[in-house]
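K.L.:
Using the hints, position chain C against chain U.
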Amino acid sequence: MNRREFLKGCASFAAVAAVRGFGLTSLVFDSQLPRPARALSPQSPNQPPPNNRDLLVLVFVRGGIDGLNLVVPFNTSDKDRRQYYNVLRPTLNIPPPNSSHTRKAIDLDGRFGLHPDAARGAPGVNVPNGHASDTGGLYELYRRGDLAIVDATGSFDVTGSHFDTELYVDMGGKSNLGSGGWLSRYLDAIGEPNDALAVAPQWNPAPSLFSPFGRSSLVVPDSDEFGPQWRTQAWMNDATRAALVQAQRNLLQPMYQRGNTFIEAVGQSAFQAYDELANVFATSYAPSANYVTSGSHVPDYGHFARSLQIVAQIAKASLSNPLRVAAIDVGGGYDTHDNQGTLDWNGNNRYPRLITNLSNNLKAFCDDMNADPQWRGRYVIIVLSEFGRVLYQNDSAGTDHGSGNVMLVIGSGGGYGTPNINAGIYGDWPGLSHLGFNDGLQITTDYRRVIADVLTARMGVSTAQINNVVFPGFNFSTGLGIAVPK
Amino acid sequence: MSLLIPFSGNPPGGAPSLARLAWNRMAFGPRPEDIATFGSFDLIAFVDQQLDYESINDAACDAYLATMPNTAPDNSTVPPLDASLDALKSYVNNFDREVALKRYLWMATYARALLSKRQLFEVMVDFWTNHFHTDFPTDYTKYWEDYYVIRQHALGNFRDLLEASAKSPSMLQFLSNRYNDGSNPNENYARELLELHTVGSYSYVPGPGYRVQPNYTEEDVHKAARILSGWTNINSPNHEFYFNASRNWPRHDWTEKQLWLGNDDGYYFPYGGIEQGQQLLDILAEHPSTAYFIAFKLCRRFISDHPDSFCPDAIEDGAQAFLKSHGDIRQTVRAILLHPKFAQSWGQKIKRPFEFIASTMRAMGLTEMINLLPNQWHTNGPRDFERNISLLGQVLFQLTAPTGYPDIGVAWWNSNQVFGRWTLANMLVARFFGEQTSTTSAPSNALLQGVLGLPKTATEVVDLLIERFIGRTIHADDRAALISYLGNGNSNASIQSDSPRLRPLIGAVAASPYAQWR
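These protein sequence lines map, in sequence, to chains U and C.
Position one of the first sequence corresponds to residue 1 (the numbering used here), numbered consecutively onward.
Position one of the second sequence corresponds to residue 1 (the numbering used here), numbered consecutively onward.
Honestly, the hints are just simulated from the structure, not real lab data.
Predicted model, so just to flag it, every value in this text is computed and none were measured.
Cβ coordinates follow ideal geometry from the N, Cα and C atoms, glycine included.
There's no promise every hint is true.
[Said to hold, decoys possible] Away from chain C, derived, C-beta distances all over 12 angstroms, residues of chain U:
{"#": "1", "residue": "Ser100"}
{"#": "2", "residue": "Gly130"}
{"#": "3", "residue": "Gly145"}
{"#": "4", "residue": "Ala286"}
{"#": "5", "residue": "Asn370"}
{"#": "6", "residue": "Gly424"}
[Claimed, not checked] Going by beta-carbon spacing under 10 angstroms, a handful of chain C positions derived as facing chain U:
{"#": "7", "residue": "Phe419"}
{"#": "8", "residue": "Glu435"}
{"#": "9", "residue": "Ala508"}
Chain U extracted, bound-state conformation (with noise of 0.2 angstroms):
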């Protein structure tokens, strides 16, 4: 019995289930699948990404998440509060931290409040359906000065449509969508290799890693089907699986060097990154902390969960040719036009599974990578969505297409040796008051700095590097001072 048959023996999994995303997105596959033990390897020395950069994880929420009631504004002003916020959802809002209900607002700095379901597991936090990836999520991340939230930001380009919006936001801009995704436009930069590993773990690529210039990201659904497989109902014997199929691929890789066309480079590096990967894919990933692939927590049947042991399972492998850069679209359901939900685990979770989703398993990886001392302030993850949603209701209790939203910067504050952000709330709060585009949020920080800000603090690109390769057309000269420079 192989790996292979393993799995399947130990079965029980559920229906494969498919595609809960935007844009290009969509991950399939199943969440439910046993792990085998993890066989066990000899230590080997970790590799972070070359030249002292940090590894750069970029999650897109796709659908545009409702950012107003995942940091809310419980204490901006009263006028927010009590002429707004409140009055224009009235049956969405979260209540503030200090008010008498169960469910509410956890408290940051006394004016923002997290979404109760983002600090799932942190003390006095009131959780409903428990589970063992309740480790305080976001509000932990934050507490521990690991998370940086950027309120307002959002993309000047904006329009009501998410294809367009998500467009302009994978290409870094509007003017540039002839010049691929911002991040090969950042492996660009900064003069890696074509072959320099990015990987998107989800059955498509990543739009910002598209590039007119050859590179091409790994794409990988599945870590368990990784690679071509013969495979047989019989018994036979994994040398022998494995003879035929080199067998095949001693006919076909010939074929990927008659031409230059997108087919043969894709399938080029296809191998190349084959032969870099399959031992790694070989043994089963044992996380170091509890990520959430259930499918009564999570509106994803895990696929968010299962993309980030991928990413965290590459980034650990010790490969000659380091993990660079890592991008996933989350879905599940972020469109909420209606019946969003607020707090609710028992009537309608719609919202607090989107939002444990997210925090519960945000706050797995970055367990997951710092239990690795070697990782410890060398990863950063950027967390954007293509745009918020309307600061009012609609009659179907939910929202629509909106403008303004959060920013996530999460990775080390100093609770691990070196710091590489500083937490903390930034961005300028508009107000409630003036309804931005769509009436939405305002949107005051260009997302693209936030972006910046990382990119030139962390990973050693320069400020003329930022305005004429990654994001062409876009003036930065100062960040907000998230990212610690090096």
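P.N.:
Only chain C this time, still in chain U's reference frame:
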């Protein structure tokens, strides 16, 4: 869209015949018996015959569908493909039966791609399924929509299709218009109606004239939502559409309205009920931007990932045909398929997973689809196929984004596709031609023997497979390597279905980069 990576250079190997190109693009690839007709191929006759799909005798496919296994895991009988909403409602009393409906519709869709002689019609069904995409998991109404909305109008009139989609229970649910109340509208459907279904957002259709301008404002979206308020199926016993003229939620906003929609004179909607929405659909269906947007997408489906740069004239011709015929889909498609650029478009498209799977099965000469209904989890069994197809990312009818699946190469070619398609080709070979568990022996298989007309020499087998799966010449070294492998160094070796190198060879040819072009 201009962000997409231009393919540099031509695909390696020879170019295909016009017949092959047409069968790759207007069909799901040729079957062996189709290849036999290539000698007398005439493009105009082919297109006209395929467009006149009702006149094509499809009895064999219909007979297959009529007898396709329809027993769900709970031993219930899945309702027929043309079942009414009432019949579907009474059938679906639990989630497992919704899943059974979905799997049955997958089977039928693959079976039609595999067997139907109305190939262009099936391609257009796929096109409109994605254009007016709704997500299957909403409920059983998707099953109904496939038959009564998409297939009903796939080569009919766009205006009819548009209204059928607007009233489709699946669409009402998927884009929330069922909840759209006139006093505080839910704009979800109205927005996608403009952006995705009709006039399109300008960034989708770069080019001259109408296409560089925004076609609508946010204000238009909000007003369109008010116009369509009360188009609902709330409280409808079988989810059927009705217009809510009452004062109960979700009620219609009867007030007069004015929309811009790219026309500085504006469009005026007098006080009224459902007729406001019908007027809006009339305007949108006749709007020049809609014509260009639909023509653009059809050109992208049939000719090039970059129709705005590769074949702007074909977009123009398609849009003009659409406008002159008031949305006649046949005339629009015909103008595009017979545009000279079509014949010059080799190398402009690659297969998506659906086309890869369907064309591979057709090239294999198969006459049955895998029964996807049973809950059998074993390797190469129904659930395993479902899982591996979903790993390729194009699960039919299942996507939360209302865009439908993209039809551009960069979205569908990456390391996961390189390996996943290869694995899937091997699974198909094992499933239909018998599993091989050794490098030195393989089972005899009558189907394999028959579809390849074995015995043949190694050279003959390789040339036959290249013709069927690739349809053009490949690099001489690659051909020689295939022959050498199959014959173990002897190009005249006699190959039978139990030759131990035949199955790996078929999998490799099917998965080869040569076979990924559409």
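K.L.:
Hint C/Phe419 vs chain U: min CB-CB distance below 10 angstroms?
P.N.:
Since chain U brings a Cβ to about 5 angstroms from C/Phe419, closer than 10 angstroms, the hint holds.
K.L.:
Measuring Cβ to Cβ, find out whether U/Ser100 lies farther than 12 angstroms from everything in chain C.
P.N.:
With a cut-off of 12 angstroms, U/Ser100 remains clear of chain C, as the shortest Cβ separation is near 30 angstroms.
K.L.:
Holds or violated: is the Cβ of C/Ala508 closer than 10 angstroms to a Cβ in chain U?
P.N.:
Holds, because the Cβ-Cβ distance from C/Ala508 to chain U comes to roughly 4 angstroms (cut-off 10 angstroms).
K.L.:
Min Cβ distance, C/Glu435 to chain U: is it shorter than 10 angstroms?
P.N.:
4 angstroms, holds
K.L.:
Against chain C, does U/Gly424 keep a CB gap of more than 12 angstroms to every residue?
P.N.:
Consistent with the label, U/Gly424 stays out of reach of chain C, its closest Cβ about 34 angstroms off (over 12 angstroms).
K.L.:
U/Asn370 clear of chain C by more than 12 angstroms, beta carbon to beta carbon?
P.N.:
Holds: least Cβ distance 29 angstroms, greater than 12 angstroms.
K.L.:
Compute the least Cβ-Cβ separation between U/Gly145 and chain C, then decide whether it is above 12 angstroms.
P.N.:
35 angstroms, holds
K.L.:
Was U/Gly130 rightly flagged as not at the interface, with every chain C Cβ beyond 12 angstroms?
P.N.:
25 angstroms, holds
K.L.:
Are all C-beta atoms of chain C more than 12 angstroms from that of U/Ala286?
P.N.:
Its Cβ never comes within 12 angstroms of chain C, the nearest being 23 angstroms, so this holds.
Going through the hint list in order, the structure satisfies each hint without exception.
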